[in-house]
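There are 2 protein chains.
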Amino acid sequence: MNSHRLIQTRRHAFPIDLDHTALLVIDLQNDFCHTDGFCSHRLGADISNVRNIIPRIQKVIDWARQHGMLVIYTRESHKPDLSDATPCKQLRYENAGYPLGTLGKMGRFLIQGDRGCELIDELQPLETELQIDKPAQSAFIGTNLEAGLRQRNTTHLLFTGVTTECCVLGSYRHASDLGFYGLLLEDCCAAYQIQEHQSAIEVLLGENGAIGWVTTSEQVLTAI
Amino acid sequence: MNSHRLIQTRRHAFPIDLDHTALLVIDLQNDFCHTDGFCSHRLGADISNVRNIIPRIQKVIDWARQHGMLVIYTRESHKPDLSDATPCKQLRYENAGYPLGTLGKMGRFLIQGDRGCELIDELQPLETELQIDKPAQSAFIGTNLEAGLRQRNTTHLLFTGVTTECCVLGSYRHASDLGFYGLLLEDCCAAYQIQEHQSAIEVLLGENGAIGWVTTSEQVLTAI
Chain A
1 MNSHRLIQTR
11 RHAFPIDLDH
21 TALLVIDLQN
31 DFCHTDGFCS
41 HRLGADISNV
51 RNIIPRIQKV
61 IDWARQHGML
71 VIYTRESHKP
81 DLSDATPCKQ
91 LRYENAGYPL
101 GTLGKMGRFL
111 IQGDRGCELI
121 DELQPLETEL
131 QIDKPAQSAF
141 IGTNLEAGLR
151 QRNTTHLLFT
161 GVTTECCVLG
171 SYRHASDLGF
181 YGLLLEDCCA
191 AYQIQEHQSA
201 IEVLLGENGA
211 IGWVTTSEQV
221 LTAI
Chain W
1 MNSHRLIQTR
11 RHAFPIDLDH
21 TALLVIDLQN
31 DFCHTDGFCS
41 HRLGADISNV
51 RNIIPRIQKV
61 IDWARQHGML
71 VIYTRESHKP
81 DLSDATPCKQ
91 LRYENAGYPL
101 GTLGKMGRFL
111 IQGDRGCELI
121 DELQPLETEL
131 QIDKPAQSAF
141 IGTNLEAGLR
151 QRNTTHLLFT
161 GVTTECCVLG
171 SYRHASDLGF
181 YGLLLEDCCA
191 AYQIQEHQSA
201 IEVLLGENGA
211 IGWVTTSEQV
221 LTAI
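If you read the protein sequences in the order shown, they are chains A and W.
Following the numbering used here, the numbering of the first sequence begins with 1 at its first residue and continues without gaps.
Following the numbering used here, the numbering of the second sequence begins with 1 at its first residue and continues without gaps.
This is chain A alone, in the form it adopts within the complex (with noise of 0.2 Å):
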């Protein structure tokens, strides 16, 4: 069977082709999403934009599974010592009132190793599925990511995750300038703040579509 489809988006159809998709998870972590985490425990985030994607998520990996597409999650995470947080970085989250490494109930913020760090319990990788740590927010530095894509021949790159305008965005913009074609599923992103998401959003439709592609996860399961 052909394994190229057109999928419906908010502005150009999207040309996926099912045998060299992979399904990005970005940064389902308890630290963001659990009400024990880091976020909501510390700094009294509301995550219930967070938490309302992880069903859909849910859906969309078990979707991704029987069609015997790769599923790659992400964690936002850092040594014990740091080490690999850029004096930058480390200066932007102290500014915003959340410096790496801070102790919370779950222990130190974005440390690996430490449970605030590790995805939730909700979406756990499969044996044969990818987990990547990441150091910046996009998820093509400091990784291995690119070169695991080059090496399945993955041209194609389907985008859930949190937050939309950090880490998605971010990881989006940067596959797309490398060549890989991006869909995003808006209704499997969240921010905290909904017009964060829907900033982030608008910047991907932005230039009538030469920036990028958004749809939702139920144009991708009735178009497959």
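Just so you know, the hints here were simulated from the structure itself, not pulled from any lab data.
Errors might be hidden in some of the hints.
The list cannot tell twin chains apart, which means a pair is met if one copy fits it or any two copies do.
Stated by the list, open to error - Below, computed lysine to aspartate or glutamate pairings styled on DMTMM-like, alpha-carbon distance capped at 20 Å:
no., residue 1, residue 2
1, K89, D133
2, K89, E202
3, K105, D187
4, K59, D46
5, K59, D36
Following the hints, put chain W in place on chain A, whose structure we already have.
Leaving out everything else, chain W in the frame of chain A:
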């Protein structure tokens, strides 16, 4: 004299180090900003927003030169055979209604050697300044920009140019992820649609400052 200063921004103060700062002027090219360029002449885009920033960028360039700062001008551009444009980028620009290489009044859209691709007359580099051709939206892909900045020990970057949500934001996010301290001068950046500019600024201001710093040229020039 100490080269370290604090500049007020829309959120947190930006700690500049004048001896290690470069000014980036992104894609002020005829095709984007000239009345005979591709976007205005062929697409009928209203270029008033992108032209409004020219005198302000000129003022910042004068100031940067007075302080012995490196000024770097980028051009979004491709070889005449488009061998440096990924198929994904070619499709996105086709979708958007402006295929790379389409003939306009000033030559082929964004093709090196043609007049439309050149920097506008008002913002020509000095002999000692850098001009960088970039095949992607981020200035750090397919270029030697990062290597050049590291070699000069440049750690801080001021961002100006067009369009805010496309090549400016893409370059900013990439620079930031690479560890460069980025400061975006919002009155020296523009998009054709004001809403697209605003969305990009909102993305940068997102997460309470964990993504980036945004200020005005006036704040920079009065601080130093």
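### Message
Reference check for the pair K59 and D36, CA-CA at most 20 Å: within, between, both, or neither?
### Response
neither (25 Å within a copy, 50 Å between copies)
### Query
Is it within, between, both or neither when you check K59 against D46 at 20 Å Cα-Cα?
neither (24 Å within a copy, 43 Å between copies)
### Up to 20 Å CA-CA - D187 versus K105, copy category
For K105 and D187, the Cα distance exceeds 20 Å both inside one copy (29 Å) and across copies (42 Å).
### Query
For the identical chains here, do K89 and E202 meet the 20 Å Cα criterion within one copy, between copies, both, or neither?
between (25 Å within a copy, 19 Å between copies)
### Task
Please work out whether the CA atoms of K89 and D133 approach to 20 Å or closer within one copy, between two copies, in both situations, or in neither?
within (16 Å within a copy, 28 Å between copies)
In terms of the numbered hints stated before, the structure departs from hints 3, 4 and 5, listed from lowest to highest.
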